[in-house]
Amino acid sequence: MTRAITVSGLHKSFGRTPALDGLDLSVERGEVHGFLGPNGSGKSTTIRVLLGLLRADSGAMQVLGGDPWRDAVTLHRRIAYVPGDVTLWRNLSGGEVIDLYGGLRGGLDRARRAELIERFQLDPTRKGRTYSKGNRQKVALVAAFASDVDLLILDEPTSGLDPLMEEVFQGCVAAERDRGRTVLLSSHLLSEVETLCDRVSIIRRGQTVETGSLAELRHLTRTSVTAELATAPGPLRELPGVHDLVVQGNRVKLQVETDRLDAVLRSLTDSGVRSLISTPPTLEELFLRHYTDDRGGQAVPR
Amino acid sequence: MTTLAEAPHHVPPRTGSRPFAGTGTLLRLALRQDRLMLPVWVLVLAGVTISGAGTIESFYDTEAERAELLRSMTTNGSLRAMYGPLFSDSVGGLVAWRFGGFSALMAAVMSLLIVIRHTRDEEESGRQEMLSAAVVGRRAPLTAALLTALIANTGIALLIAIGLAGPGGSAAGALALGLSIGGIGMLFATMAALMAQLTESARLARGLTAAALGGAYALRAAGDAATHAGSSPLTWLSPLGWAEHIRPFGATRWWVLALLAAAVLVQGALAYALAGRRDVGMSFLPTRPGPAAGRLTTTTQLAWRLQRGALLGWAAGFLLAGLAFGSMADGAAELVGENEDAREIFQRMGGQSGLTSAFLAAIVGICAMVAALHVVSAVLRLHGEETAQRAEPVLANAVGRLPWAAGHLTIAFGGAIVILSCLGLGLAIGHGDQFGPILGAALAQLPAVWLLGSVAVLLYGVFPRAAAASWGVAGACLAIGWIGPALDLPSWVLDLSPFGQLPKLPGGSLEWAPILVLTALAIALTSVGLAGLRRRDLQT
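Protein chains in written order, with my numbering: chain Z, 23 to 324; chain E, 38 to 577.
Take the hints with a grain of salt, since some may be wrong.
To be verified - Going by beta-carbon spacing under 10 Å, a handful of chain Z positions derived as facing chain E:
(1) 100
(2) 102
(3) 127
(4) 139
(5) 146
(6) 148
(7) 162
Said to hold, decoys possible - Between beta-carbon pairs, the in silico distance windows are:
(8) Z:217 / E:326: 33 to 41 Å
(9) Z:132 / E:547: 54 to 62 Å
(10) E:502 / Z:92: 21 to 29 Å
(11) Z:202 / E:248: 52 to 60 Å
(12) E:164 / Z:217: 29 to 37 Å
Just so you know, the hints here were simulated from the structure itself, not pulled from any lab data. All C-beta atoms in this analysis are idealised placements derived from N, C-alpha and C, irrespective of residue type, glycine included.
Whenever a hint applies, use it, and build me the whole structure from the sequences.
Written out as C-alpha cells, the structure reads:
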C-alpha cells in the first residue's frame, strides 16, 4: 500500500444537485498534495466523503488502506482534519478545545503543543466567542499539528491567517512532510500551493480535470514568446501549437504550447534573433484557465 | 437580501448618528423570517382564550353555578395558586380566570423568543455585523425586534378584545383582558431586550428571561395561595400578579395597565441606553479567560460541560416547584369538593381517588409534560451542534456517531430521571406525607417523557430537517394535558398524548402495562433514530 488516498469514479448528489460527478484523486504516501478548484466545485464535499461524514453514492475509495465510511473511527486515529471555517464552543477556551481534539484522537504531543502555541502566538486561555477567525483557525491547526497522525486533511486551513502566520503554517507543513506524513491541502492561495505541494489535482464541477506535478502541469500550458528579429519572420502560423500570433514588421508576439517550443525557436533563429523574451506560464494562468472554463468557457484573461 | 439594498446610495449624506436608520428594513426582514411562527402564535393564543368562553358556558351554564364557583374560590388556596383568584362570576370573568393566566404566560414566552431571536441571536451568529455595517443605526436592530413583538402582542390583544366582547359579556372586560395579556407580552419582550444587552449568549439571555418569568409565576402563585382576592403584597411583586389585579370583567382597574406600560417603558429605556453604549457582539458581562489546558477528553464529558448548566437549572426549578405545590396540596380538596364540575376536571387530570391525591397527580402530570421540554431540548442539542458545524470536526476524530450522540442522550434521558426525582422530592417534602408514593408517581411519568424525547431522536436521526417539529409534538401534548380536561375534549384526544395513557399516581392503581409499552416504544423510536443517524450524511 503506497498510496494514502485513492478515489476513483466518486459520485455524490444532494437531492437532485450533483456535487461530485465521477471524481478521481490519488495521493501518494509522504507527499503534500494540492487540491484545487473554483468555489463550489466539490472540494469540501470530497473531503467530507474522505472523512466518512458524507456517504458516497458510488465509486471506489481507500484512505490509508481502509474504507472511509465503514472504518471511519479507526481511520480517524491516524487522520487530523482542519476545516476552512472553524466554529468553537463559546464557553470553552482554546486550550480546552485543543486538548479535547487531541484526546478524541488518542493523545497529543505536549511538547509540540506548547511549541506550536508559541509559534502561532495563540492565547489558549481565551474563550471560543472572543477569538477572531484567524485565531479560531490557529486553534484547529495547533490541534492538528500537535497530534501524531499519518494523514493531515486541510480544507483551506489558512483563511484568515496573516502573512506571518501563513509562513509559520508553511513551515509546519514542510516539517510534517519531512517526517514522512501525507498532507492533502485544499487551498486558493496559489503561492502556498506552489511552495508546498509536490503534486496537485484540479477539480471542476465535481470532476478531476488535471492532476500531476507542477512541472508536468506547466508543460501542458502555453509559454508566451516576444521576439525582435533581423528579418521578417518565417511561416510561424503554420507551426503546430502556436496561438495568438501578432506580427508587426520584424516584431513577433505569440503563445505556444510548451511542448512545441522547439520548432518555434528554430523558426525564429532562422530569421535572426535580436532579442527574445520567453515567459513560462505562471501557476495563475494555469489555474485561471481551468477556473474560467468553469464559467461557460470565457477566454482566458491575459 | 435584496430589500436591504435600498440603502440611500444617491441621497446626500446626512450628518448625525441616526440611531434608528434602517429600522423599517430590519422590521420587514424580521417579519419575513417569522412569517409562519408569528401568525401561529397569535392565532393559537387568541383562539384558545376566545374559545374558552364556549367551554366555560358548557360547564357552568347557570349564574347560580358560577356564583357558587366564585364563592368557593375565596376559600381555597390551591386552585388560586394555579389559576389565580376569581373576581367575577360572568362568563368573561371565568375565561379570564381559567385561560387568561395561561395565555399571558405564553404571550411572555412568545415575546422573549421573538426579541432574543432578532437581537442576541443575530449578534452571536455574526449576522448582525454585516447588517450593522450597512446603513443601520445603533438602535435599529433592537427597535425592529421590539416592534415585531409589539405587532404580535397587539394582534393577540385586538383579537381577544374583539372575539370575547360578545361571548364574554362585556366589551370593556374583553379589552382589559386583551390588553393585560398583550401587556405581559410586551413586559417580557422588553425584559428580554434588557437581558440581550447583558449577556453574550442568546441561550443564556433566553434562560435568564425564562427564569424571571418562572419567578414571577411562583411569586403570584405563592401570594394567591396565601390570601384570597389577590390581596397579598407578593402578587404586587410579580408582573403576572399585575395582570390579575387588572380584574378584567370584574371591577376593572384600568390604572394597573398604566403600571404595566410604565414597566415596559422603563425596561425598554434601559435596554436602549445599554444598546447605544456597547460594541456590536459584546455585552456588559465580560467573558472571563478560561484554562490554558483542558481536561475534557471524551464526547460525554463535552456533552456534560455543554449541558450541565441547563440541567442544574431544570433540577433546581423542579425542586422548588415541587416544594411549592406540595405545600398547597391539602387545600385542594376544599374547593373541588364543593363543585361537581371542577371535581370532574380535576379527576380527569388526576384520577378518581381522593382529591389531595388527584391534585398531586395533576401537578405531577403537568410538570412531567414540562420536563419533556428539557428532554427535547437536550436531544436537539445534537442537531444544534451539527448545524453549527461543531459536530463535523469532532466526528473527524476517532469518535463514532453513536458514542457522540450517547453523551447528549444520557443527559436528555438520564436528566429526566434527575429532574422528575427533584419534583417528587419537592412535592413529598412540601406535602410532608406519602414520601414513597409521591416520588414513585413522579418517576412513573418517565416513560411518557422519554417517549417525547425518543420522537426527537427519531426526527433528528432520520429527518434532520424536520427535527424542530419535535417541539410541536411536545407542545401539543402540553396543550392537551393542560387545557384538554377543561375543554372537555373527547377522551380519544386526551389519549393521543402519552401522558394520558399513564396511570394517575399517586392514588390510582399502578398499572405496569402502559409503563412498559411506552418505555418499549421509546426504546424502539430511539433505536430507529440512531440507526438513521449512523447511515445518513452529516448536515453541512
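For each hint, the structure was consulted:
At about 9 Å, the closest approach between the beta carbon of residue 100 of chain Z and any beta carbon in chain E falls short of 10 Å, and the interface hint on this residue holds. Evaluation of the residue 102 of chain Z hint against chain E yields a held restraint, the C-beta minimum of about 8 Å falling below 10 Å. Taking 10 Å as the C-beta cut-off, the interface hint given for residue 127 of chain Z holds, the closest approach to chain E being about 5 Å. Taken as an interface hint, residue 139 of chain Z checks out: its beta carbon lies about 8 Å from the nearest beta carbon of chain E, inside 10 Å.
Nearest Cβ of chain E to the Cβ of residue 146 of chain Z: about 4 Å, under the 10 Å cut. The hint holds. Interface restraint check for residue 148 of chain Z: the shortest CB-CB distance to chain E comes to about 6 Å, inside 10 Å, so the restraint holds. Given hint, residue 162 of chain Z at the interface with chain E, holds; its Cβ is 7 Å from that chain's nearest Cβ, closer than 10 Å. Range check, residue 217 of chain Z to residue 326 of chain E: Cβ separation about 36 Å, and the 33 to 41 Å hint holds.
At about 56 Å, the beta-carbon gap between residue 132 of chain Z and residue 547 of chain E stays in the expected band of 54 to 62 Å. A beta carbon spacing of about 26 Å between residue 502 of chain E and residue 92 of chain Z agrees with the range 21 to 29 Å that was offered as a hint. Separation of residue 202 of chain Z from residue 248 of chain E is about 56 Å and conforms to the stated range, judged on CB atoms against 52 to 60 Å. Our hint of 29 to 37 Å for residue 164 of chain E and residue 217 of chain Z holds, since their Cβ atoms are close to 36 Å apart.
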